[in-house]
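Single-letter residue listing:
2 protein chains.
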Amino acid sequence: MIAVLRWGHRAVRDERITSHVCLVARAFGADKVIVSGENASESVESTKKIIENWGGKFEVEYTKNWRKVLDEWEGKIIHLTMYGEQLQDKIAQLRTKKDLLVVVGSQKVPPELYHRAAYNISVTTQPHSEVAALAVFLHEYFEGKELGKEFPNAKVKIKPNPRGKSFER
Amino acid sequence: MIAVLRWGHRAVRDERITSHVCLVARAFGADKVIVSGENASESVESTKKIIENWGGKFEVEYTKNWRKVLDEWEGKIIHLTMYGEQLQDKIAQLRTKKDLLVVVGSQKVPPELYHRAAYNISVTTQPHSEVAALAVFLHEYFEGKELGKEFPNAKVKIKPNPRGKSFER
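Residue numbers (my numbering), protein chains in the order written: chain A, 2 to 170; chain B, 2 to 170.
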């Protein structure tokens with residue numbers, strides 16, 4: 002089980018970024034995303050619609066209590082932060098773990114999170130985007146195999162096209 | 002020269018996503034980002050501040066005229082779209098090209114863009130995020146070497162830390 006925790010969502014301000022985090026978690030092979038923080042119903046509902054149309058067994062949840070998520074997690078907790086150890090130095094070791102909770106922050110993350118994580122991991126040591134950090138982390142974790150992942154029970158499925166839009170049905 | 006064109010920016014609505022696109026372009030090794038569409042001064046200015054503090058030779062520009070950017074580009078144009086050919090099937094071929102303009106859309110992209118691109122490329126065939134698509138595209142193009150890229154003349158530089166925040170000066 003690979004789950005993603007979107008920590009510290011702020012209503013309105015973070016809506017689109019949180020939606021991107023949820024969709025990236027799904028598209029790049031995670032099993033579940035949990036959003037914590039302020040009301041995130043828009044991001045949660047838009048993700049549910051994507052699952053309904055595009056298939057797969059992905060789950061999306063909202064919680065006010067992120068500490069409970071950490072307390073109950075039985076696998077490793079990985080916190081993605083630009084201050085952490087570098088992805089390229091740790092990924093081989095992380096691939097040997099089978100149950101990961103991957104935490105991505107929004108607003109400033111409390112020291113508690115750095116301490117509760119088994120690994121704090123940086124994807125480049127430059128400021129960029131939690132959406133990008135999550136995508137590249139999962140892409141490396143799954144060694145690129147997630148790019149061809151099948152999503153069962155899809156109502157919509159794209160047929161790759163060099164010059165336009167095609168669907169399989 | 003690897004440049005990124007953020008196509009079709011919408012003021013206010015896209016501000017944060019466009020900023021993430023700009024910062025991802027920089028962090029993952031592109032040389033330049035060009036934002037086209039509505040007023041993007043907030044994203045452009047926030048990117049300039051990052052360059053000033055975090056170093057590197059990255060450039061950020063705004064244009065109203067995206068067709069001129071395409072007209073004047075002498076290398077290949079790559080359009081990232083969920084409908085395109087799959088990244089994993091094309092990346093080896095794309096790595097042999099040295100001047101790329103990588104286009105990422107925002108709102109719905111016109112058919113013209115699909116036709117002017119030498120390659121339409123999909124990063125997974127699932128809906129997710131232009132921020133993630135750009136990051137994974139550049140990560141694959143540079144074969145992960147961008148993760149350790151140095152940014153000269155930085156005022157701030159992170160020293161990777163397993164459990165907190167450290168800076169080199």
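Hints are computed from structural coordinates only; laboratory data are not their basis. There could be a bad hint or two in this list.
[What the hints assert, rightly or not] Below, in silico cross-link-like pairs of lysine to any residue (SDA-like), each with a Cα-Cα straight-line distance of 20 Å or less:
(1) B:K98 <-> B:D32
(2) A:K160 <-> B:V110
(3) B:K91 <-> A:G165
(4) A:K146 <-> B:M83
(5) B:K158 <-> A:Q89
(6) B:K109 <-> A:S167
(7) B:K166 <-> A:Y120
(8) B:K158 <-> A:E86
(9) A:K166 <-> B:Y115
(10) A:K65 <-> A:Y120
(11) B:K33 <-> B:D100
(12) A:K158 <-> B:P128
(13) B:K77 <-> A:P163
(14) A:K156 <-> B:K98
(15) B:K50 <-> A:K146
Checklist entry - B:K98 and B:D32: Cα distance at most 20 Å? => result Holds. B:K98 to B:D32 sits at ~15 Å (cutoff 20 Å).
Next on the checklist: Between the alpha carbons of A:K65 and A:Y120, is the straight-line distance 20 Å or under?
Outcome noted: Violated. A:K65 to A:Y120 sits at ~24 Å, over the 20 Å cutoff.
Item to check | Straight-line alpha-carbon gap B:K91 to A:G165, limit 20 Å | outcome: holds, 16 Å
Checklist entry - Hey, A:K160 versus B:V110, does the alpha-carbon distance stay inside 20 Å? => result holds, 18 Å
Next on the checklist: For B:K33 and B:D100, compute the direct alpha-carbon distance and say whether it is at most 20 Å.
Outcome noted: holds, 12 Å
Checklist entry - Holds or violated: are the alpha carbons of A:K146 and B:M83 at most 20 Å from each other? => result holds, 17 Å
Next on the checklist: Can you confirm whether the C-alpha distance between B:K77 and A:P163 stays at or below 20 Å?
Outcome noted: Answer holds: B:K77 to A:P163 is near 15 Å, not above 20 Å.
Checklist entry - Holds or violated: are the alpha carbons of B:K50 and A:K146 at most 20 Å from each other? => result Violated. B:K50 to A:K146 sits at ~37 Å, over the 20 Å cutoff.
Item to check | Pairwise hint evaluation, A:S167 against B:K109, where the allowed Cα distance is 20 Å at most | outcome: Holds, because 16 Å separates the two Cα atoms, which is no more than 20 Å.
Checklist entry - Are the Cα atoms of A:K158 and B:P128 separated by 20 Å or less? => result holds, 10 Å
Checklist entry - Does the alpha-carbon distance linking B:K158 and A:E86 stay inside the 20 Å limit? => result holds, 14 Å
Checklist entry - Holds or violated: are the alpha carbons of A:K156 and B:K98 at most 20 Å from each other? => result violated, 37 Å
Hint compliance for this structure: hints 10, 14, 15 are not met, and every other hint is.
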